[in-house]
Amino acid sequence: MKKSRRKFLKVAGISALGIGMTPAITTFASSESQGTGTVDAVKSKNAEVFSAKRWGMVIDTSKLTDAIAANITDACHKAHNVPDFNHEPDKEKFPKTSPVNHHQEVKWIWKEHFEHAFPDKEDEFLAEKFKELPFLVTCNHCKNAPCVQACPTQATFKREDGIVLMDFHRCIGCRFCMAACPFGARSFNFRDPRPFIEQTNSSFPTRTKGVVEKCNLCAERLAKGQQPYCAEASQGAIVVGDLENSESEIRQLLNEKYSIRRKQELGTEPSVYYLM
Amino acid sequence: MLEIAIKGSKKYWIWIGLLLAVMGAGFAVYIEQFINGLAITGMTRDVSWGFYIANFTYLVGVAAGGVMVVIPYYLHDYEKFHRITILGEFLAVASLVMCLLFIIVDLGQPTRALNVLLYPTPHSMLFWDMCVLNGYLFLNIIIGWKVLEAERNQVKPPEWTKPLIYLSIPFAIGIHTVTAYLYCGLPGRGFWLTAVLAPRFLASAFAAGPSVLILLCFVMRKVTKFDPGWDAMQTLSKIVCYALIANVFFFLCEIFVTYYSKIPGHASHINYLFFGLHGHNALVPWMWTSMTLMFIGIILLIIPALRNNQTLLPFTCIMIVVGTWIDKSLGMISGGFVPSPLHHVTEYAPTLKEIIISLAVFGKGLLILTILFKIAAKVKEEVRG
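Sequence order for the protein chains is Z and D.
Its first residue numbered 1, the first sequence is counted upward by one per residue in this note's numbering.
Its first residue numbered 1, the second sequence is counted upward by one per residue in this note's numbering.
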């Protein structure tokens with residue numbers, strides 16, 4: 001049974017190709033009215049949305065403001081049922097909720113300053129504007145993912161299209177992947193997250209205590225031909241697409257501007273690029 | 001031979017009762033952890049391993065240290081170790097049980113632990129660690145038991161134990177090498193990313209394991225009629241001396257590479273441990289204590305008059321056990337995680353509940369050790385008498 005669920009996850013993208021073609025197009029048609037540049041770009045390259053050889057993300061740092069960054073985090077976390085430890089639990093539903101330790105929080109995508117996002121590029125004479133800019137950090141969906149290598153149960157695995165996914169039902173909570181990740185992208189559920197979810201999104205699973213989680217590049221949305229929540233909320237600052245396709249929008253962006261990746265020297269080959 | 005364990009003096013039963021009480025208290029706290037999750041520990045998003053894994057690492061060393069009596073006795077026919085070889089093997093058994101328990105209490109989903117067997121993953125070092133730890137555990141149980149049984153019946157141990165004994169030697173090296181590989185193969189952790197980590201782990205293990213063994217020999221002389229032999233204990237103390245010097249030497253090599261190269265990714269962790277980082281310095285006194293204890297330990301073991309002093313030796317051994325424990329448990333784990341990959345400093349300290357659960361694991365180990373050592377001592381007494 002477990003095998004079949006895994007297989008399902010792996011082929012989800014491919015099967016969505018056939019089944020989801022028409023609704024996907026309508027989804028884009030309807031979201032077009034919101035008028036974000038990203039969606040327009042995606043619409044013109046439908047084939048790229050449905051499948052990719054290697055999914056990647058480009059973050060245009062010049063287009064990000066604190067407000068947009070906060071919206072992105074919010075959109076992602078709400079949709080993925082990421083607990084918010086600042087949320088006061090419902091006393092009737094969860095009467096015995098102990099106080100939280102904010103160092104044990106869960107996050108998928110969040111804001112950092114340059115010196116924390118790129119600690120290896122710390123520079124006292126760095127241009128002032130970079131010191132104040134919000135840098136969004138998340139899972140890099142590395143080509144050579146150390147977390148996948150470390151996981152003793154293959155609960156963390158790499159899909160053929162490059163997305164690093166988690167099987168929350170197989171994870172034993174050993175946290176080896178957290179030690180292995182050079183980007184601090186992973187969170188552990190030190191406690192039951194459900195009391196801290198303001199409104200549960202029933203189309204995405206909530207997690208249990210004792211398992212690790214992280215950004216899934218909205219695999220569930222890509223499978224339906226939709227853009228990830230972060231890209232959707234980014235007002236054009238985040239573009240997701242196929243890194244291996246030289247015609248893709250993200251490849252064109254990478255061609256035009258200078259980009260950096262986090263801790264490139266480690267050789268994990270992050271799939272998230274920052275346009276400077 | 002197990003029947004020996006259920007016949008004992010009043011003191012013996014008080015000791016067993018005490019251990020059971022500690023285990024019971026820890027189990028009660030563990031139930032709470034099981035229900036509410038690891039939130040009851042001091043571990044955080046940034047420091048995702050803590051006291052449990054720290055003690056696990058140290059005890060793998062104590063278990064591997066047992067090979068320091070096996071090699072001289074079985075490979076070099078060093079007769080003086082005849083009486084203590086079984087103690088080394090049984091110490092390894094108790095240590096390994098504690099190691100496995102520390103892993104279990106550290107898991108977020110302990111009921112899924114067998115997924116490691118259901119989905120064997122050779123590219124994960126944790127898979128190999130499980131293989132060698134369990135392998136070494138079973139080897140020691142079989143060898144220790146069979147050899148002791150043969151001694152009781154005053155016959156030679158069965159021939160088939162010989163290859164198992166030889167096999168246990170690479171396994172002992174293996175358990176600590178693979179445990180070091182858990183850490184030193186991770187690309188983003190500068191403090192652990194060093195080829196000298198496995199050799200350093202082994203050196204500290206060969207200091208800590210025999211030190212614990214010497215202490216246990218003193219206890220045996222005090223509470224049983226069995227005398228492990230002062231000669232054997234002296235030889236052990238020389239082994240501790242060499243291993244401890246090797247451990248400190250490897251550490252100084254690490255210091256040289258770090259501070260001469262001045263590569264910040266490496267230095268920030270050692271700076272945190274020994275001098276504090278951005279005003280966070282919880283481990284500074286601990287680390288300097290550890291270094292001081294190990295240096296004094298070396299001096300006390302190098303000078304023959306001090307090494308051969310029967311009153312001083314137990315204190316020397318305690319200093320070395322504490323010194324290497326801080327070095328390899330507290331410092332090794334926290335040092336690797338602080339600062340975090342994003343260069344935030346989140347300090348770690350275990351909570352009381354975490355410590356109680358850990359004490360219960362130690363209690364379980366001591367219970368096994370007491371029973372096995374009692375059996376060994378009784379058999380040796382019988383044979384001599």
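It should be emphasised that the hints constitute simulated quantities derived from the structure, not laboratory data.
One thing to keep in mind: the hints can contain errors.
Incomplete in silico selection of chain Z near chain D, CB under 8 Å [claimed, not checked]:
id, residue
1, P95
2, D120
3, C181
4, F183
5, F188
6, T268
Label pairs and their computed distance ranges (CB to CB) [as the list claims (entries may be wrong)]:
id, chain 1, residue 1, chain 2, residue 2, range
7, Z, F130, D, L167, 28 to 38 Å
8, Z, K121, D, W286, 29 to 39 Å
9, Z, K131, D, G185, 28 to 38 Å
10, Z, K131, D, N271, 22 to 32 Å
11, D, L167, Z, K121, 42 to 52 Å
12, D, L167, Z, D123, 51 to 61 Å
13, D, H344, Z, K53, 51 to 61 Å
14, D, A349, Z, K131, 25 to 35 Å
15, D, I355, Z, K121, 13 to 23 Å
16, Z, F130, D, V284, 25 to 35 Å
Since the model is a prediction, treat every value here as computed from it, not as a measurement.
Every residue gets a Cβ at the ideal spot worked out from N, C-alpha and C, and that includes glycine.
* Asked: Broken hints, numbered, in rising order?
  -> 1, 7, 13 and 15
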